[in-house]
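Student: Assemble the complex: chain A is given as a structure, and chains B and C must be docked to it using the hints.
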Amino acid sequence: MTAVTGETAVTGGTTAVDGATAADTAAVPDTVAVPDATAGPDAAPLRDAIAVEDATAVEDATAVQDAPPAAADVPDEHAVLGRPMDAREDPQLLRGEATYVADIDLPGTAHMAILGSPVAHAKLLSIDTKAAEQMPGVLKVATAADFTDVMPLPCIWIPGGVESHFPPHPYGLPGARPVLTGDAVRHVGDPIAVVVAETPRQAAAALAAISVEYEPLPVVTRADAALAEGAPQLHEAVPGNLNAYWTCGDKDRTDAAIAAAEVTVELDLVNQRTINSPIEPRGAVGSYDASTGEYTLYASTQGPHNHRFLLSALVLGIPFNKLRVIAPTVGGSFGTKGYLYPDMALVLLLSKALGRPVKWVDTRTGLMNSTVQGRDHRQHVTLAGTRDGRITAVRCTSYANLGAYPSTIGPGVATALMGRSITGMYAIDAAFCEVYAAFTNTVSLGAQRGSGRAEAAFLMERLVDRYAGEIGMDPAEVRRRNLVPKEAFPYDNGLGWTYDSGNYRPNFDRAIELSGYADMSARKAEARTRGKRLGVGIATYVAICGVGPSTRMSKEGMLGGTWESANIRVHPTGEVTVTVGSASTGQSHHTVFAMVAADELGIDPDRVQVYEGDTLKAPYGQGTYGSRSYSMAAPAVALTARKIKAKLIKAGAVFLGVPEDKVVYRGGAVHEDGNPENTKSFADLAMAMWYGWGLPPEIEPALDETTHFDPPDFNYPFGTHVAVVEVDELTGETEVVAYTAVDDAGNVGNPKIVHGQIEGSIVHGLGQALMEAAEYDENGILISSDLNHYALPRAADVPFFSLDRTVTPSPHNPLGAKGAGEIATVPPAAAVVNAVVDALSDLGVRHIDMPLTPEKVWRRLQGETQ
Amino acid sequence: MILTEFDYVRPLGLDRALDLLAGPGARVLAGGQSLLPGLRAGTERAGLLVDVRHLDELRGISAADGTLRIGALTTLAELAAHPLVRERAPELAAAARANGDPQVRNLGTAGGNLADRGRPTDLPVAALAAGAEVELAGPGGRTRTGVEEFTAGGVPAGSVLTALLVPAAGPAAAFEKAADRATRYPLCAAAVRITADGPRIAVTGATPRALRLRGVEDRLRGGPYTTEAVLAAFRAEPRELFVPGRGTSAEYLGHLAGVLTARALARAARITA
Amino acid sequence: MDLNLNLNLNVNGRPERFAAQPNELLVERLRDGLGLTGTKVGCDTGQCGTCVVRLDGRSVKSCLVLTASAAGSEVTTIEGVAERGGELTGLQEALRQEHGTQCGFCTPGMVMALGELVENTAGGGAPTEPEIREWLTGNLCRCTGYHSVVRGVQRACAPAVEAGAAGREG
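Residue numbers (UniProt numbering), protein chains in the order written: chain A, 1 to 866; chain B, 1 to 273; chain C, 1 to 170.
Chain A extracted, bound-state conformation (with noise of 0.2 Å):
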């Protein structure tokens, strides 16, 4: 059977989860390059109902200047987004005072430490507490067999349509993995017992004390070797470790035009996997009441809606009720803080056992060896062309990595989010990937930063400059020749993703021109003087963000709704208060919400406020990831001003004596048409619904207005990165002497706050291509566990960028808006890869893997070969 699990499918029960989302998804037929595959049935309906007429007009891009602040004293409308406004959380962030997890401290608190693995394969044969239980400050040692009420975290993003294979759970529903294992270790850093002590010191010194009869079995940590013959079986439920083979595109017509192709290149690559590293370490407090039976969770975390959620209905067994989900500060994410862990049900466990809060704060260590990972793909991919620069096919094999339990989306960020993406700006005639997904003797895979899109950049790009240099055709040429051009929006990609709005040659244009590439020659000379191989090398993307059309999600195995929530109370006083589902990781969610109720209510940004993240106070959503807080929760919050918008148009017009097509809304005060004189300002009308004196029947008294938002389709960014990099042809060091880099994120709200995050993004693809690696040795144990291991880029290490933007709305959302908050991360390591190669090209290097150390490079100038 196609189930999703060897189980049967979901048993009713005594959950609100329909079960039957699970089945009827895995039931999908492979959604492969079919234009249904985009918005169900609902979408039309649901498009017409946003207004969308300030974005449905695609313009020219063209690079842009961001306007100066406003300066009228009575902002009006649309007079405060797409200007760069200071962010207002950085004060408080500044001066220290912000509150993250760790920095929680409940009256009684006791602290929790966690007892991971120290081998990465092995039965479970004894586990021995007795000692640890005796150590001074201990309360409680516990270990999977306490746990038994308990069910495994879920998997909620699976490869869609198509058979897939996962550990149970007892809804029927793919299992992740258990809070705490009792069978078996599958990784180095697997949970296997928890201290709680009076004092962290306490209960990390009580963990040594605990002892473990492992049987160790063999070990398996690349995703080809784990499918072999003969390769140790991780999961009794997944034969063959063999999560799920999935591809997409039309096999056919790709391998008959390779086959027929005047030009075909191939490349084997290792997109090695990568550790995100947030400087926040994940942090969880857990507070039980037993007064009222509530749980309340304080944890690092990127969605408290959906936590909530799966924890209590998918692992606790608890009433939704029950649960309150609290995300304080968060210290950066980049994906790694969405996903469900442990720790989050074990310190409610333990806090509703000992009556007190219980904290657990994780080490660098501890992080590394178990919060998600990214990237790990080994592919062959090859791309065939005519002769004259015209690429007629790519097709890509992957062997994906996921760890040695599916994370909560890592399966589907490693098949769809990267194989559909594959074609990026170029239209290709025929295109294929397929990726087999198995599970392996390391930590779980994850979403990195640009997850799954950075990954297809990497391989598309590599295949472009390898065509360029086997037709003898410059680089630039050739792209410029496959850009989907842009009368073709939307454009549907071969691969299931319709494009919906592109304008790519201008792009890509004032990306060469800005780079100085026509002068690169010259540079090339003048830096061999220096001893130096000046190398440039351009990428392009195309990253789908927004997530997402729920419905369309479901296709694509998401076991869940993706829609986001906004919510605007107007005070009596004429203040504003906005509530999002969303949840920030340091993306100034507080600054550019306030401005897009602003901006659309007419009035100062100053008396908007913000607050997210506590599921007690917040409207559902689901959470920032994927770069879709711009494109999803700032047009609910947009659209729900709209709603505040036209019911102070009907209120209007009994407080202004009026008709109501004859009142009009500006600068936050509602006046008569061609009668400026009888007019009421926002406070007075706010003060004007607090009453509610002479409303009509029809007219409810108070502002207070909700949207959900779920948008028709997914919105796509692009870009256009062209590095420059210098070879030291002693050292082989390689230094990244210029980066240019001119991004679509269409319209923009802060682009203070966009350029932010383009110039983060950018550091992080830097760090993959030149120093970033997560290495497991034979035994499965990571060396690169701690920071004096895993380099991370420091200031020196990068150059100022030369950037810009173009701006080509999304028709998908009232803002025009597309994700930006990642998209930045997904060409740099293509980019930089393409510049060494180039600076090394009459050497005949046609590839290097990442990262690109000195010796691997110095290798390559000795000639020797990968």
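Any given hint could be a false lead.
Quick list of the computed label-pair ranges, beta carbon to beta carbon [unchecked claim]:
id, chain 1, residue 1, chain 2, residue 2, range
1, C, E131, B, T4, 36 to 42 Å
2, A, D842, C, E129, 31 to 37 Å
3, A, D224, C, G35, 48 to 54 Å
4, B, G60, C, G123, 21 to 27 Å
5, B, A22, C, A122, 44 to 50 Å
6, B, T67, C, G123, 31 to 37 Å
7, C, R14, A, T706, 43 to 49 Å
8, B, R221, A, E864, 31 to 37 Å
9, A, L125, B, E57, 56 to 62 Å
10, B, R221, C, E131, 33 to 39 Å
11, A, D842, B, T143, 54 to 60 Å
Computed footprint of chain B on chain A, listed as stretches where at least three residues anywhere in the stretch have a Cβ under 8 Å from a Cβ of chain B [said to hold, decoys possible]:
id, segment
12, 201 to 215
13, 849 to 863
Bear in mind the hints are in silico, worked out from the structure with no lab data behind them. C-beta: ideal position from N, C-alpha, C; glycine also.
Tutor: Okay, now just chains B and C, sitting in the frame of chain A:
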């Protein structure tokens, strides 16, 4: 947090410190910038930490009789910035400057860096190239030892490194480093000082410990110090001299040591020219 | 064996007396003992720089200092730089104007480290871009890519008249 337990004493004078160090498990705590990470990681052990950081008698930089006397507790930041050191032992100032990061340099000491046995550090090569000596205080009083001998043996048990004594020979000296990306410790470092008798050359990272390379010095005596000549001189060394480290091969590190030496020699020669 | 030591420390201008174990790190005293949670912990190895404080004026990593060894010294944490909710220092204000913080977790350590650089160069020439970047070697940031922080320092070190004229960006 540090889970290993130890006692802590802050002696008021060097003699008291030496008494305490005679006990079992006693270790000197100076800047603590490598000892404390080691204690945190559990790679270092101590029963008693004798904190000498506050002993003024181990501080200060002075010049007399053509020798710079650098108190062992001189911080790397002080060493890097000191006018006398920059002028008369530039390889030492550059090595101090290249160390770690500003916060590590603010606490890390010259003595600690010289005495660190756990990994390649910056100062030993500079001290070797400078032909420096170290002054040690032990139960039997103060002794002076050449840095070459010192880097081979380390600080004798029960002793304290009190000062580095550097011939103040002027500016014809330089230091070059390829830092490990993650730790900022040297992946490989080289220091040179050009003297009337020819160049003194020391490398670390590529070799099991900081070493003067007399063979290379001999081959380069009289110059010229072209990159080709220096690399050839390194290639003539026995292959087993070089060792792998930090995921990097011995072959590459041996080559890198040659490149860094060539660059240091070029810089030192340029200064004198 | 009672390992507790009786120690004095002046923190943000306030004398503090407490008993501490010999193996206690200064960052533990500041965060857990004194509740000064603006100082962060981001790694176990002394790399991340989120715990940087000033010890007798110099920026140091408080995870690489024993509380006992710091005893008798003056410590300044981020809480001692500006009042809670109060006016920002010139450096903080310049960083604010350049959006030199995103998630904010590395920010207190950055402010404490950069404060020393700004003070060192006060009255002299402003630090060059490479000098600023080198000074940030001990502070890891995963959000900003460092550029806005570097611009913030440049702004903070610009001559007073120029800084005043530049004003707020928006």
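Student: It remains to establish, for every hint, whether it holds in the given structure.
Tutor: Verification of the supplied hints:
1. C/E131 <-> B/T4: 36 to 42 Å: 38 Å, holds
2. A/D842 <-> C/E129: 31 to 37 Å: Holds - the Cβ-Cβ distance for A/D842 and C/E129, about 33 Å, lies within 31 to 37 Å.
3. A/D224 <-> C/G35: 48 to 54 Å: 52 Å, holds
4. B/G60 <-> C/G123: 21 to 27 Å: Holds: the Cβ-Cβ distance is about 26 Å, inside 21 to 27 Å.
5. B/A22 <-> C/A122: 44 to 50 Å: Since the Cβ atoms of B/A22 and C/A122 sit about 47 Å apart, the hinted range of 44 to 50 Å holds.
6. B/T67 <-> C/G123: 31 to 37 Å: Given about 34 Å between the Cβ atoms, the range holds.
7. C/R14 <-> A/T706: 43 to 49 Å: Between C/R14 and A/T706, where Cβ atoms are some 48 Å apart, the hint holds.
8. B/R221 <-> A/E864: 31 to 37 Å: Hint holds: Cβ distance 33 Å, inside 31 to 37 Å.
9. A/L125 <-> B/E57: 56 to 62 Å: Between A/L125 and B/E57, where Cβ atoms are some 58 Å apart, the hint holds.
10. B/R221 <-> C/E131: 33 to 39 Å: 37 Å, holds
11. A/D842 <-> B/T143: 54 to 60 Å: 58 Å, holds
12. 201 to 215: holds (count 4)
13. 849 to 863: That given contact holds, which follows from 5 residues of the segment 849 to 863 of chain A lying within Cβ reach (below 8 Å) of chain B.
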